[in-house]
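We have chain A already, so just place chains B and C on it with the hints.
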Amino acid sequence: MNDYQYDNQTVTGFIVSSIFWGVVGILLGLLISVQMWRPEFNFQPLFTFGRLRAVHTNGLAFGLGVGAIFGLSYYILMRLAKRPLLFPRLARVQLYLFNIGITLAAVTLLMGYTQSLEYAELEWPIDIAIVVLWVMFAVNVFGTVIKRREEQMYISLWYIIATVIAVAVLYIVNNLSIPAGLFKSYHLFAGVNSANVQWWYGHNAVGFVFTTPILAMFYYFLPKSTGIPIYSHRLSIIAFWSLVFAYLWTGAHHLVYTPLPDWIQTLGIVFTIFLIAPSWGSVVNGYYTVGSDWSKMNTNYLTKFFIMGITFYGLQTVQGPTQGLRIVSQLIHYTDWVPGHVHMGTMGWVTMTTAASIYYVIPKIYDTEIYSEKVANIHFWLVLIGQLIFSVTMWITGIQQGALWKAVNPDGSLKYTFVETLIKNYPFWQVRTLGGIIFTAGMLFFIYNIYMTMRRGKTPEMAKA
Amino acid sequence: MTDNGDNIEAFEAKETSRKLPVGWLVLFWGLILWGIYYFAAYSPAISGWTQEKAYQESVNK
Amino acid sequence: MSGGIYSKPIAFAITATVVILIGTSVTMFYPMMTVQMHPKLDSLKPFTALELAGRDIYQREGCVNCHTQTVRPLKTEVMRYGEYSKAGEFAYDRPFLWGSKRTGPDLARIGAKYPDAWHVKHFLSPQSMFPQSNMPAYAFLKDARLDPEAVEAHMKALGFPYSPGEIQALKEKTDMDALVAYMQVIGAAVKKTAAPAVAAGVIKETHIPNPLANDQKAIARGAELYAKECASCHGPDAKGDIGPSLVDDEFFYIKGDLPDDDYFEVINNGTSEGSVEDGRTARGGMPGYKDSLKKDDIWSIVAFLRSKKAE
Chain A
1 MNDYQYDNQT VTGFIVSSIF WGVVGILLGL LISVQMWRPE FNFQPLFTFG RLRAVHTNGL
61 AFGLGVGAIF GLSYYILMRL AKRPLLFPRL ARVQLYLFNI GITLAAVTLL MGYTQSLEYA
121 ELEWPIDIAI VVLWVMFAVN VFGTVIKRRE EQMYISLWYI IATVIAVAVL YIVNNLSIPA
181 GLFKSYHLFA GVNSANVQWW YGHNAVGFVF TTPILAMFYY FLPKSTGIPI YSHRLSIIAF
241 WSLVFAYLWT GAHHLVYTPL PDWIQTLGIV FTIFLIAPSW GSVVNGYYTV GSDWSKMNTN
301 YLTKFFIMGI TFYGLQTVQG PTQGLRIVSQ LIHYTDWVPG HVHMGTMGWV TMTTAASIYY
361 VIPKIYDTEI YSEKVANIHF WLVLIGQLIF SVTMWITGIQ QGALWKAVNP DGSLKYTFVE
421 TLIKNYPFWQ VRTLGGIIFT AGMLFFIYNI YMTMRRGKTP EMAKA
Chain B
1 MTDNGDNIEA FEAKETSRKL PVGWLVLFWG LILWGIYYFA AYSPAISGWT QEKAYQESVN
61 K
Chain C
1 MSGGIYSKPI AFAITATVVI LIGTSVTMFY PMMTVQMHPK LDSLKPFTAL ELAGRDIYQR
61 EGCVNCHTQT VRPLKTEVMR YGEYSKAGEF AYDRPFLWGS KRTGPDLARI GAKYPDAWHV
121 KHFLSPQSMF PQSNMPAYAF LKDARLDPEA VEAHMKALGF PYSPGEIQAL KEKTDMDALV
181 AYMQVIGAAV KKTAAPAVAA GVIKETHIPN PLANDQKAIA RGAELYAKEC ASCHGPDAKG
241 DIGPSLVDDE FFYIKGDLPD DDYFEVINNG TSEGSVEDGR TARGGMPGYK DSLKKDDIWS
301 IVAFLRSKKA E
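Chains as they are written, first to last, in my numbering: chain A, 1 to 465; chain B, 1 to 61; chain C, 1 to 311.
Same shape as in the complex, but just chain A (with noise of 0.2 angstroms):
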C-alpha cells in the first residue's frame, strides 16, 4: 500500500502548511486589533492596516483554509473512493505551488498590489497561478472519483465536487480585469456593475470556502469519529441542493441601500433568509446523529468540537441571514457588528471542525494515538473562550456604533461627531485583542498537540498497511 503512504504524505504536507500559514495569519490578525485602538503600531509604509488587514484575510482563508481544504478532501476522498489519489505527482506539486503561491500572496500584499476586491485582492499574475492550482485540484478529484472503487458517492464527495466547481466559476469570473501593469489591473467591471459581480463572488466564496468543503469535513468526519451514522440520507439530499442551489441568489445582501436595483437587493434578501433552512438541515441532521447516543460527548473527545462547531454554523446561518434584512442592515451595516459576526464563522465553525478533523486524521495517518485528550480539552475551551470574547464585544459595540451614527438632539440636528462615535469603540476593541490573544493562545495548544502526535507516531514512510 505505497500509494497511500505517498499520498498520506501529500496530506500531511496541506495540513502542516495551512497550520503555518493559520499562524501567520492569526498573528497578523492580533497586530492589527493592537492597531485599531493604537494607531502608533501603524509601521508605514508596509505594515500599516490598511494593508495588512488583506494579508490577514487572504492568509487565514486562503492559507489556513484553503490548505486545510485540499489536504482534507484528498483524505477523505481516498478513503470513500476506496483508492489512492488517480495523480498523486500532480497532488506533490500543487503542495509545493500552493505555498509559493501564499507566500507571493503575502509579499505582494504588504507591497500594495490589490484589486480592492474583498477576498479577492491577488493581482492578475496570482491569480492565474491560484486558477492552475485549482485546476490541479479538480484534475485530482474528478480523476479520482471516476476511478473510485465504490459505486455509491457519499454526501461529503457532493460538497467537495460542488466546492471545485463553484469555486472556479466565481473566481474566474470577478478576477477578470484589464492588465495595466506587472501588478496592476483594473476590475473588468465599472461602477454597480463592478459591485455586483464582487459581492455575487465575495458571499459565495464564504459560501463554497467556509461552508460547503467545512460540511464535507463535518459529514465525513462525525460519523467516523462517533462510530454513529448520519440521521438522515433524505435530509442530506434536501439540504445539499437547496443549499448550493439558493447561495449564488445572495450576494446582494451585502450592498442594501446601496445605488443597487432595489430588485437585486430584495432577491438577495428573500435567498439569503431563506438559506436558514438548508443550513439548518445539516444542523439537524448532526444534532439527531450526535442525539442518538449523548454519551458520545464526554466519551469521545472530538464530539465536542463537532457539536460546538455545527452550533456555531447553526447561529452564523441565523444571524448572517437576519444582517440581510434592510431594518437590520440599517443599523449594524459598516460597523463591528459584521467582523463579530465573520470571526464567529471562522473562529467558530471552521476552524473547531477543521482542527477537530486535523485531530482525527494526524494519528491515523502516523498509526498512533492523539498525544494529549488533555490538552485537545484546554485548547478546545481556549478557542471557544476567546472566540466568544471576541465575537460578544464585536456584537455590542456595533450596535452602539450604528445607533450613535442615527442619535439626533431634540432640534433634528446629529448629536455625535465621527470621532466621538469612534472612540466609544476604543475599550471594546481593548477587549477584543484579549479575546484574539486567547484563542491564540488555544490554537497554540493545538499545534503542540499535532506536533506531539506526530512525534511520537511512526512517519507515513514507515507505516505499513
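Worth flagging that the hints you see were computed from the coordinates, not collected in a lab. None of these values were measured; they are calculated from a predicted model. Check the hints yourself; a few may be wrong.
[Claimed, not checked] Covered stretches of chain B (chain A as the covering partner; in silico rule of three or more C-beta atoms under 8 angstroms from a C-beta of chain A):
| hint | region |
| --- | --- |
| 1 | 24 to 30 |
| 2 | 38 to 47 |
[Stated by the list, open to error] If you only want the chain A side, here are some residues facing chain C, beta carbon under 7 angstroms, derived:
| hint | residue |
| --- | --- |
| 3 | Arg53 |
| 4 | Gln152 |
| 5 | Val244 |
| 6 | Ala403 |
| 7 | Lys406 |
| 8 | Leu414 |
| 9 | Phe418 |
We treat Cβ as the ideally placed atom computed from N, Cα and C, and that holds for glycine.
Below, chains B and C alone, put in the same frame as chain A:
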C-alpha cells in the same frame, strides 16, 4: 494502516429515507412563503416600493 | 440506495453546475446585459491622470478597508455625509470602492468639502487634527514621486483621455498631491446641496443679533466647541492656519465686521466657492455644521469668537 477505505454503509443509517423532521419542514416551507411575500412587498415592479421613495417619506415626516 | 446521479460523477457535476448557474444568471449575468447596470450622470467626467494616480494610491494603501464611499438613502446618514449616492456616479470606477466597513467616516462626499491644505495636514498626522483618531499617518506619501510612465499606462488601459502635458506635469507631483487630488474629485458629479451662506447677492436690510452675546456660560461652551471643531483649521488661538484668522478685522477679504446672523450662517451652512455673504465673496472650503451642531452651540461659538477678538 487499517483505514484506507470506507464502507459507505457505515455512514448512513439502515433506514436512510427517514421522514424529515416536521419542525424543519415547517421552517423550509415557511421561509419560501415569507420570501414570496417579501419579494412582492419590496419590488418596485410589483408594489412600487423603492428605497428612494422610502427615504423621501422619512424626510417629509 | 441505488444510485441515480449519486453514482454518476459526471452527471452529478453537470447538474450541480446548472443549479449553481441559475442564481448566478438571474442576479449577476442578466442585470449586466441591461442598461440599469451601466448608468452615467451627464456631469460625470473621467479621472484626470493626477486623480487616477491618486485613486491608485487609495487602492494601494487599502483605504477601502476603513472608509466607505457610498451614502445610503437614510435620513441621519444624509445629514452626516451629504446627498445619498447615485448609481450614475460610478461609471468610471473600476473597481467600485464602496467598501464594507466604516472604521473611519464615509468619503463619498469628501470632495471639495475641505481645502487641499486640510487633507495634507490630516494625512501628515491625523492626530494633529483629531487627537483621538486611530488613523495611521501617511506622511511618507509626500516624499514619494509619481511615475508618469506608469500613470500613462494606467490611463491607456482605462481609455481615459489625457494630454502629453498632463503626463509631463506628473514629474513634479508627489503621491500626496495625487491622493489629495483624488479626494477632491470624489463625488464631484453630484451637486452640493448645501445652500450658500445667504442667498447670492442679497444684502439684508435688518440683522438679528446673537441671542447669547456676552453670556459667560455660552462663551465658555463656545471655547470648548471651538477647541474641538474649529481649532484644527483656524488655529488654537483663532489666528488662522488652514482657514483664515478669526480675530483680525477682515471677513472674506473685506475689512469690517460680519453681522452676527451672517456669522451664524457661515458656520451653519459652510461656504462654497463664489457664495456671497452680504456682498462678500467666499473662496469655499468651510464645511457646514448645520447637522452636527445645535443652534445654541453655533451662537455660542460666535459669542466666544467675538469675546476673543475683543481681547
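> Can the region 38 to 47 of chain B be counted as covered by chain A under the rule of three residues or more with Cβ-Cβ separation shorter than 8 angstroms?
Replying inline: holds (count 6)
> Does the nearest C-beta of chain C fall within a distance shorter than 7 angstroms of the C-beta of alanine 403 of chain A?
Replying inline: Violated - the Cβ of alanine 403 of chain A stays beyond 7 angstroms from chain C, reaching only about 10 angstroms at its closest.
>> Next item in the hint list is arginine 53 of chain A. Is there a CB on chain C closer than 7 angstroms to its CB?
In response: 5 angstroms, holds
>> Does the closest beta carbon of chain C sit nearer than 7 angstroms to the beta carbon of glutamine 152 of chain A?
In response: Holds, because the Cβ-Cβ distance from glutamine 152 of chain A to chain C comes to roughly 5 angstroms (cut-off 7 angstroms).
>> Can you verify the interface hint for valine 244 of chain A: is its Cβ closer than 7 angstroms to any Cβ in chain C?
In response: Holds. Min distance 6 angstroms.
> Does lysine 406 of chain A pass the interface hint, meaning its C-beta sits closer than 7 angstroms to a C-beta of chain C?
Replying inline: 5 angstroms, holds
> At a Cβ distance under 8 angstroms, does chain A reach at least three residues of the region 24 to 30 of chain B?
Replying inline: holds (count 3)
> Hint check: is the beta carbon of phenylalanine 418 of chain A less than 7 angstroms from a beta carbon of chain C?
Replying inline: With Cβ-Cβ at 5 angstroms, under 7 angstroms, it holds.
> Does the interface hint hold: is leucine 414 of chain A within less than 7 angstroms of chain C, judged Cβ to Cβ?
Replying inline: 5 angstroms, holds
Taken one by one, the earlier hints fail for this structure only at number 6.
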